[in-house]
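A.B. asks: Sequence:
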Amino acid sequence: MHRTRRRALNLFALMCLLTVAGPLVLASPPQQGQNLLVNPSFEGGMRKTSTSSWVSDGWNPWYYHTGPGSEYYEPEWKVIQRPEGEGSADLSARLFDGNKSLQWFNTYALHDAGIWQRVKVPANSKVTFSIWIQILSARDTHWVNDQMVSGADDLGNYQVQIGIDPTGFEPAGQILRPPDSVVWSEPIWDANTKAPDGTNQYVLAQLSTQAQGQYVTVWTRGYNKWAFRYEATFVDKASLTASGAPSRQAVAAVAAPVKPTNTPIPTNTPTPTNTPTPTNTPTPTSTPTSTPTPTFTPTFTPSPTPTSSPTPMPTSTRVKQPGAELPAALQAARASTAMNAAGAGSIESSGPDVASLGIVAGISAVVLVIGLFIGRKMGQRP
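Residues in the sequence shown are numbered consecutively from 1, following this note's numbering.
Hints were generated in silico from the structure; no laboratory data involved. Beta carbons are placed, not taken as given, at the ideal position from N, Cα and C, and that holds for glycine. Only true hints are included.
Derived DSS-like pairs: lysine-lysine, alpha-carbon spacing no greater than 27 Å straight-line:
hint: 1; residue 1: 225; residue 2: 78
hint: 2; residue 1: 225; residue 2: 194
hint: 3; residue 1: 194; residue 2: 100
Label-pair ranges, simulated between beta-carbon atoms:
hint: 4; residue 1: 189; residue 2: 81; range: 19 to 29 Å
hint: 5; residue 1: 51; residue 2: 97; range: 27 to 37 Å
hint: 6; residue 1: 243; residue 2: 141; range: 38 to 48 Å
hint: 7; residue 1: 243; residue 2: 186; range: 18 to 28 Å
Sequences are here, hints too, so could you generate the full structure?
C.D. replies: Encoded structure:
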């Protein structure tokens, strides 16, 4: 009886232990050295991300572009697959491990582009990101051992960097630039991926930093300075591992000083007291002083003073002769006297006697003519 009770109690205790310990096992952090990336070797599936681009599952493309007229262009992403029968030597050279790798490239254009992946990690742990990289940058086609390579005179054009964003920023689209919170590695240049025999080879890029939460975002970036004929980055066999997270006290000790150092910066806001400098705005008062200069233009308006021209017009109206209604004989007489006066050189008379004599002479001539005319008529009577 006692044995049965003991067995029942032991079984009940075991069930309680499993009930409590089960969630702890499921919630346990990843083991040391465990790769936290999704599809780190690019051997998994792939998806179409644009009209002509395909990207390995788990990874996301990004590129920098400023709109119409931008000097940076969207590259193409392609998954390289080893064909049956090994394929060509050039294709095999683009694979580092397994049967697939990923590349982005364009021709005769600049690009600043790459891939990213957001990963959950143990909170505030130290993370290490690594990836194998190869670069092809060439003005023209160069071949070494059946592999297309960068020319000896083309080196120093293309570089690749890897980065970790300890804040775990997650981009919303493809067109962007990585945030300022990203910690970047030193650049790997195209010359660093040249083998002694002149072929292009894979080199390892590696970077470590400390997470600032439960997520980090890893970045790979390739960019060129000049638009050569071939511009490409190849990546393969990536890894992200996390090591022991610091204690809460250690995190607080590290994080606490950061906030006060940033807070004094707003105290510089009083610098806007320099805004009174806009009191120099009264300087525009000098502009009205120059405006009177146009007032000199009216001084030229008196030039229309040719109003003196109408003065001859009234003189012509006074040309009307007072004897226009006289008989034709008188008009002829006046005309003859006028002609005599003109022949005399239009000399003015010396006095009123000369004028009266002229009138008397004129009248006498008229009377004489009339008398002769009447006498002739009377002489013709019977």
